[in-house]
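Protein chains: 2
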Amino acid sequence: MSQRKLTVAVVGATGAVGQQLLSILDQRKFPVGKLVPFASARSIGKRITCGSVSAECREMSRGCFDGVDIAFFDASDAISKEWVPEAARSGAWVVDNSATFRMDPEVPLLVPEVNGHELKDRIARKLGGEKHRILSGPNCSTVQLVVALQPLHKGWGLERVVVSTYQSVSGAGAAAIDEMLNQTRAVLDGGWQEPSIFPHRIAFNCIPHIGGFREDGYTSEEHKMLAESRRILGLPGLRFTATTVRIPTVSCHSESVNVELKRDFELLELRQALSGAPGVCLIDDPNAKAYPMPITGPGDLVTGGTGQDPVYVGRLRRDSSLERGVNFWVVSDNLRKGAALNAVQIGEMLLGEVL
Amino acid sequence: MSQRKLTVAVVGATGAVGQQLLSILDQRKFPVGKLVPFASARSIGKRITCGSVSAECREMSRGCFDGVDIAFFDASDAISKEWVPEAARSGAWVVDNSATFRMDPEVPLLVPEVNGHELKDRIARKLGGEKHRILSGPNCSTVQLVVALQPLHKGWGLERVVVSTYQSVSGAGAAAIDEMLNQTRAVLDGGWQEPSIFPHRIAFNCIPHIGGFREDGYTSEEHKMLAESRRILGLPGLRFTATTVRIPTVSCHSESVNVELKRDFELLELRQALSGAPGVCLIDDPNAKAYPMPITGPGDLVTGGTGQDPVYVGRLRRDSSLERGVNFWVVSDNLRKGAALNAVQIGEMLLGEVL
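Residue numbers (our numbering), protein chains in the order written: chain A, 1 to 355; chain L, 1 to 355.
Each hint should be verified, as a subset may be incorrect.
As the list makes no split between identical chains, a pair holds if one copy fits it or if it spans any two.
Said to hold, decoys possible - Taking lysine to any residue and the SDA-like style, the derived pairs with C-alpha atoms no more than 20 Å apart in a straight line are: (1) Lys46 with Glu269; (2) Lys29 with Asn182; (3) Lys289 with Gly212; (4) Lys29 with Arg4; (5) Lys120 with Asp77; (6) Lys120 with Thr49; (7) Lys81 with Leu268; (8) Lys289 with Ser196; (9) Lys46 with Ser90; (10) Lys154 with Met60; (11) Lys34 with Gly191; (12) Lys29 with Gly91; (13) Lys262 with Arg160.
Simulated from the structure, these hints should not be mistaken for lab results.
With the rest of the complex left out, here is chain A:
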């Protein structure tokens, strides 16, 4: 039985993630029969293309998801809160990249390589009640981390994780890229441009502050990494701590990860487990100066990122300050695997099952 063509809605179609999503849907030959792009008021009427299909951007309104098979949400938490339930009630399957439903016990938080089985189970057992068709994707910094942690978790068990991030500006949207590039030009010319998206100048700087601060001194980004990693890995008590930092790179998040494992290992075993793991690409040949970096891959400066799908892992080495410790370095394109690609992969799991 061949796959029928689908009516696909994209909410936030003109944004950084939305644009990547449209390109990935086309690259991966997602069966888009009809496109229904939504954007904010200033983009109404703008023509959006996905392969051979195109349509004009419209604003959301009551009933706008009627006839939609699957809706990808790449907009703000507020938009998702208001419109995701509406889309689901209309009968669409919804893949939501906002934070709104990530911690909702009735909504699964999915990284297909890690916990795709939860989606299969959900469909088979019709779980989630009214929210049955709402599926959530994690924060970009979480996705690449859990994809790299999963093979270690599976083989040796995770005792504790300490992560420090090096996050690119595109995680804050297309306007954040402009802010950094314009600011960089201004600084190089001896000038100055007031920050508007970031809390401080980001050009030639780094800022240990992503999201809002909480009572306990952690940022919301750091909390997301903790709570989402625990949930996706199915380890509610995982000992985990994060420091999240914005650095002046256009795309791709990098992460320095220190892990204590539960069982003894040989480094070579970890290496083998990581090389064979779904979604992981090991680049780890220090003598050839080979390790992952934001500029790994053919991505260009303005669209940003590697333009590649994998979660790249390198700098794998034993941490001898622990009996079972290991350090490694993870880089992935935050707009792709960190958001758009992960959402499309969730959508692909529905094909032939419920769509």
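Mind docking chain L on chain A? Use the hints.
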């Protein structure tokens, strides 16, 4: 008794650290009576100034340290290996910022705020034999770390340290700053400039590779941080692991530090210990978006750095993945406290004692 004026040699006087050193000697009114600046062949004859004293750069040759009271070495390991013993034999006290003598058991590795007592003891007991007058300063990424760790060590004991660094390009010298700025301009114009100092393009990138790689997968920079921290803190068995990363900032190194302490603490106690600690300045008011960053302070883009002396600490918070864990963020001007200032402070400890 007033301090007599000294004959001060500076080896590497035209380099990034040498220039900072000359300016700090002047700012802190180090008693420079006569200046003897040394540089590589291409800078011979260049006039070097320190306050009201100036002299032309010359090349080193046998006997060139005769009559020198104190020599500051801010050049390569090879230069130090050849010329530091010569300077000491001539009767000069030598403060060497290279890696050459840092692990030599006969030479102390000094950060005055942390282990200045070792120098006092050395002078009193005439330790070190032929190397009595050779004093060594640590790697820039180590200095700021141990200044921040010392108050915690003193009050609560260090069980384990995990550090990830965000190091600026000036750590690789003045030419490295040019490389990054020129590369950044080229990339912004859609062009490309081959890296020569860094192993890869650094503009809008980050590189998890500083120094050379060793058999165990760690870089020499990571090894220095481990070995030097242990030595300066007097904790040869300290459990310690580091990941060192270059990011596209001009000056100041930043570090994300996770520490397990030996004894119970209240966060407020740590905060008080850090605020009162020598060399430390606490900037930690998240609600006011106040935390240390490379652009903290009045430093400018090209000379780089905060232009300030302190080791800035912020983002102090309990790590609840450990019984006695804490995370914090450290920023300092790598050319100042990380190198030039630390050397001048060592020199100041000699005043009135042996000089």
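Comparing the hints with the structure gives:
no. : hint               : result
1   : Lys46 with Glu269  : neither (51 Å within a copy, 57 Å between copies)
2   : Lys29 with Asn182  : neither (36 Å within a copy, 41 Å between copies)
3   : Lys289 with Gly212 : between (37 Å within a copy, 10 Å between copies)
4   : Lys29 with Arg4    : within (12 Å within a copy, 81 Å between copies)
5   : Lys120 with Asp77  : neither (26 Å within a copy, 60 Å between copies)
6   : Lys120 with Thr49  : neither (31 Å within a copy, 74 Å between copies)
7   : Lys81 with Leu268  : neither (46 Å within a copy, 38 Å between copies)
8   : Lys289 with Ser196 : between (37 Å within a copy, 14 Å between copies)
9   : Lys46 with Ser90   : neither (25 Å within a copy, 78 Å between copies)
10  : Lys154 with Met60  : neither (43 Å within a copy, 60 Å between copies)
11  : Lys34 with Gly191  : neither (48 Å within a copy, 39 Å between copies)
12  : Lys29 with Gly91   : neither (23 Å within a copy, 77 Å between copies)
13  : Lys262 with Arg160 : both (9 Å within a copy, 18 Å between copies)
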